[in-house]
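Assemble the complex: chain A is given as a structure, and chain B must be docked to it using the hints.
Number of protein chains: 2
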Amino acid sequence: MSTERLIYLPLGGAGEIGMNAYVYGYGPEDNERLILVDLGMTFPDMDTTPGVDLIFPDMAWLAERKDRLEAVFITHAHEDHVGAVGHFYSELGAPVYARAFTANIARRKLSEHGFAEDSVTTVSPYPESVEAGPFKVSFVPVSHSIPESSSLLIETPGGRLFHTGDFKIDHQPLVGESFDEALWKDIAKDGIKAMICDSTNVFSKNPGRSESELGGNIEALIKGAERMVVATTFASNVARVRTLAEAGERAGRSICLMGRAMRRMVEASVETGVLSSFPKVVSIEEARDIPRENLMLLVTGSQGERRAASAQLARGKFNGIEMKEGDLFLFSSKTIPGNERGVISIMNQFSEMGVDVFDDNDGFYHVSGHANRPDLEKAQELMEPQMVIPMHGEHRHLRELSKITEAAGRASVVAVNGMMIDLSGNAPRVAEYIETGRRYLDGSTQVGALDGIVRDRIRMALNGHVVVTLIVDEDDTPLGEPWCELMGLPETGRSGAPLVEVLEEDMSQFLGRAKAATLKDDDKIEQELRKIARRTALDEIGKKPEVTVIVSRIA
Amino acid sequence: MSTERLIYLPLGGAGEIGMNAYVYGYGPEDNERLILVDLGMTFPDMDTTPGVDLIFPDMAWLAERKDRLEAVFITHAHEDHVGAVGHFYSELGAPVYARAFTANIARRKLSEHGFAEDSVTTVSPYPESVEAGPFKVSFVPVSHSIPESSSLLIETPGGRLFHTGDFKIDHQPLVGESFDEALWKDIAKDGIKAMICDSTNVFSKNPGRSESELGGNIEALIKGAERMVVATTFASNVARVRTLAEAGERAGRSICLMGRAMRRMVEASVETGVLSSFPKVVSIEEARDIPRENLMLLVTGSQGERRAASAQLARGKFNGIEMKEGDLFLFSSKTIPGNERGVISIMNQFSEMGVDVFDDNDGFYHVSGHANRPDLEKAQELMEPQMVIPMHGEHRHLRELSKITEAAGRASVVAVNGMMIDLSGNAPRVAEYIETGRRYLDGSTQVGALDGIVRDRIRMALNGHVVVTLIVDEDDTPLGEPWCELMGLPETGRSGAPLVEVLEEDMSQFLGRAKAATLKDDDKIEQELRKIARRTALDEIGKKPEVTVIVSRIA
Chain A
1 MSTERLIYLP LGGAGEIGMN AYVYGYGPED NERLILVDLG MTFPDMDTTP
51 GVDLIFPDMA WLAERKDRLE AVFITHAHED HVGAVGHFYS ELGAPVYARA
101 FTANIARRKL SEHGFAEDSV TTVSPYPESV EAGPFKVSFV PVSHSIPESS
151 SLLIETPGGR LFHTGDFKID HQPLVGESFD EALWKDIAKD GIKAMICDST
201 NVFSKNPGRS ESELGGNIEA LIKGAERMVV ATTFASNVAR VRTLAEAGER
251 AGRSICLMGR AMRRMVEASV ETGVLSSFPK VVSIEEARDI PRENLMLLVT
301 GSQGERRAAS AQLARGKFNG IEMKEGDLFL FSSKTIPGNE RGVISIMNQF
351 SEMGVDVFDD NDGFYHVSGH ANRPDLEKAQ ELMEPQMVIP MHGEHRHLRE
401 LSKITEAAGR ASVVAVNGMM IDLSGNAPRV AEYIETGRRY LDGSTQVGAL
451 DGIVRDRIRM ALNGHVVVTL IVDEDDTPLG EPWCELMGLP ETGRSGAPLV
501 EVLEEDMSQF LGRAKAATLK DDDKIEQELR KIARRTALDE IGKKPEVTVI
551 VSRIA
Chain B
1 MSTERLIYLP LGGAGEIGMN AYVYGYGPED NERLILVDLG MTFPDMDTTP
51 GVDLIFPDMA WLAERKDRLE AVFITHAHED HVGAVGHFYS ELGAPVYARA
101 FTANIARRKL SEHGFAEDSV TTVSPYPESV EAGPFKVSFV PVSHSIPESS
151 SLLIETPGGR LFHTGDFKID HQPLVGESFD EALWKDIAKD GIKAMICDST
201 NVFSKNPGRS ESELGGNIEA LIKGAERMVV ATTFASNVAR VRTLAEAGER
251 AGRSICLMGR AMRRMVEASV ETGVLSSFPK VVSIEEARDI PRENLMLLVT
301 GSQGERRAAS AQLARGKFNG IEMKEGDLFL FSSKTIPGNE RGVISIMNQF
351 SEMGVDVFDD NDGFYHVSGH ANRPDLEKAQ ELMEPQMVIP MHGEHRHLRE
401 LSKITEAAGR ASVVAVNGMM IDLSGNAPRV AEYIETGRRY LDGSTQVGAL
451 DGIVRDRIRM ALNGHVVVTL IVDEDDTPLG EPWCELMGLP ETGRSGAPLV
501 EVLEEDMSQF LGRAKAATLK DDDKIEQELR KIARRTALDE IGKKPEVTVI
551 VSRIA
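Protein sequence lines, in the order shown, are assigned to chains A and B. Position one of the first sequence corresponds to residue 1 (our numbering), numbered consecutively onward. Position one of the second sequence corresponds to residue 1 (our numbering), numbered consecutively onward.
If we strip away everything but chain A, and leave its shape as in the complex, we get (with noise of 0.2 Å):
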């Protein structure tokens, strides 16, 4: 009875960046058959997610009609598409399809979770395609910061569809196919109904650079060097390791790769054949027997994470070696907003140790991997798409190329995470707004992000803890006086007297005063205790703790 639609649906990455998930469908109204885009993670951050590992889209929506997935197609290797394949893919239960160097990563990811390699299947660059229900998926090779990303041409009979990825217009990648204006032209013949596009960096107003301007600045910089050197960037930014590689080989040095990211993102490029070609490398041992000044070290961490490569030798050894006065640290990176604080931290470290370091300050030492706004207008003006939807952004970044798109004449809207789209018509139009969310990896087990187990640990961050036992006997008399412990919590406040005292002083007063009827009652004792606890911490020290009652009576 029903005709059939096209549907588009963010679980993830539409409003953010970061956790990549969408969802496209075909087929009768809420009995579409699906596939799933990317399926990425993004990190936690001590402002709201303290103690967690890692953030997964929240995938509820979709495993519920995993009966209707035919298949999940990964563009890239970035952890912010492929990061979260491996804890999702038995609840959803779909076969995995990505290009040789993605699927590589994909299946160790898979594998760390007991998944076996058949779990993934490697496919080619269009014009070879995948067959997944309604749909005829191909890869299109495109060039972004990891080799073979992809954009993919997603055929259905409502309509093709142009899924760009992450994408930027690089004629000179150094890894990986160069932007094909030619193909992504030869595509547009047969027409594109939507183009689902990368948003990033649409208010970056001059166009991309390509990473081919960046190989002479390094080596100019590393001749210049008098002592060790040593380089961070993105382990996935094969072509940038290479870029630094052979700049250090230009100017004389040995290259040694550091931090595991590093060297099994070499791995894979090699394995998967593409890096064709990469300067010799040597071990971290042999590293340590030649000369500081021969010496250039890629290493992990530009990020400033904690447990990276660059953290640990800015806060001491790092597999034997050290930094010493006189060496260059280059940061070959940007520094992704919410990390400066760690990244700060490094340099101020090496600083200490009279290390000379370099960032990307003027754009010398790093390019973007994502299209500029001006690059975005041309990939729209190759591909003519009857509408575009903009993706990988957060709202900001959505809204401006939406904008933009409509200022050149084409449909649009901003559609975020849950904003389930039909894109039938001549115009993108809403059709429904799914409950979507985000799961937390905490330690070994998933919660759900409103749970309150997080909130719970923020309020314990920000107020302190202070636990009160007390014992009741059968009489619901207490025996003896309540009893307290301060978690994060200063030991004096106003009076002098220790904070512990002050407030077993006035819950043993109000005990004493107490009805038979309250202390008979465990929860109006909790409910009692805790706002004693509250007040008179607040009069003590000027802030209202946490507080856990606990009531054993004795029988």
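Just to be clear, a hint being listed does not mean it is correct.
Unchecked claim - One side only, chain A facing chain B, incomplete, derived with CB under 8 Å:
#, residue
1, D456
2, G488
3, G493
Source of the hints: derived by calculation from the structure; they are not laboratory data. Glycine is no exception: its CB is placed at the ideal position from the N, C-alpha and C atoms.
Only chain B this time, still in chain A's reference frame:
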């Protein structure tokens, strides 16, 4: 017996940006007469100081020597220079000197702590001076981002010092005195032994730009706006507040000040004669009746502070005024590293409302208040000091300015908090290391940074908190089972059973097997139950929580 010496000792602000506090001394070794320049604070963050309200330098060293302290001089009214003056006034017991505007702000702070108006003495600028023991101190007007900023000329029998304070070279600062090259040269004539110099912008390679460059850009932006315009900047940047207000006025808008700090700063500027003219402002009540396209609000909250006007507007209404689609919001400010998340979150909330947000992307709408590298070089050339001691910077800033100084043939040293520098000779010499640190204002009490209180909060935030209570009778027999309460932890883990039950079961088993000697000993019970709680939690949920064990003995 001992010869006189001239010393410099930073207690805050050297090796960090914030909480400036610099001691100078002249006299016999260990018996110098002392003055303090600035007494500022810095702000906490969730990563390192959750729940803390303000951070101060530890003034213990100086308080112990208060009989030798002649006076406190405040260079300008920024919180990182004046913010702690009320908190340490009685501890230090020395008179406070400042120019009129700064004194006005300092008095407000002191009166909040119950100190009298006359605790601050207003000083006129150079050539007027204050005699303070062996020191003769003059306030030398200098351009910065707050009115009446001053360098200090500190004349001593051991030589003349020039403490730049925060400064920039601006010949048209719009409010307050222009940078006066002739005056600097004049002061330099009699010889400057040491210049203690702002270093925070040393990595900015271009000469600083003038406040006067902004008005036209801002006016053009406002003229292009079709609905309400709202702009934020630091309230204390009175020149900017006026630049914004005047641009708004030229664009035909009524100006309304929102946020307590914004109104207070303009008030203080008018009271002290700093602001000779300011566009007529309308009250908030009047603003509500003005058509949006004729209105411009100047609001607090340029750093995304949760309780300031901009954040409240982003969340909904503030003082009955609401942002709407088509409004324009301007950040005429730089985001201080660490505040990015808060600012970006506000930008996205505005984006969701359809508000167009502009920021300092290209320097159109903001200039820094600090001297850039070429300006710092020029300052040295004007002042021709024998030595330069960098201050007001992280280690990397101090080190870089020190390198520039030495490259120009002058003596220098990187002096961080606690390094006492002897300036008596021809080059700075490290005389001693003083124990310094930070004090936290936490609610209404001060706690030490190393007291462990904040560390415990961070641990609870990262790991959650398990509270275990156990009652033991007079025969050392546990009465019933141990009781567990969780705070900030998942309810279930690997086994699927409630975590509380698994924990209680494991502890009960241990107690059943425990030897009499263990059950006699509260410390041993605590230690063992804590170990079990952590081990079981690690097994169940993959993380080791903080554990508080409370053993109650019934006598």
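Structure-based check of all given hints:
For D456/A, the interface hint holds, the least distance from its beta-carbon to any beta-carbon of chain B being 4 Å, beneath 8 Å. Hint on G488/A holds. Least Cβ distance to chain B is approximately 4 Å, under the 8 Å limit. Of the supplied interface hints, the one on G493/A holds, with its beta-carbon coming within about 5 Å of a beta-carbon of chain B, less than 8 Å.
Violated hints for the displayed structure: none, as all numbered hints are satisfied.
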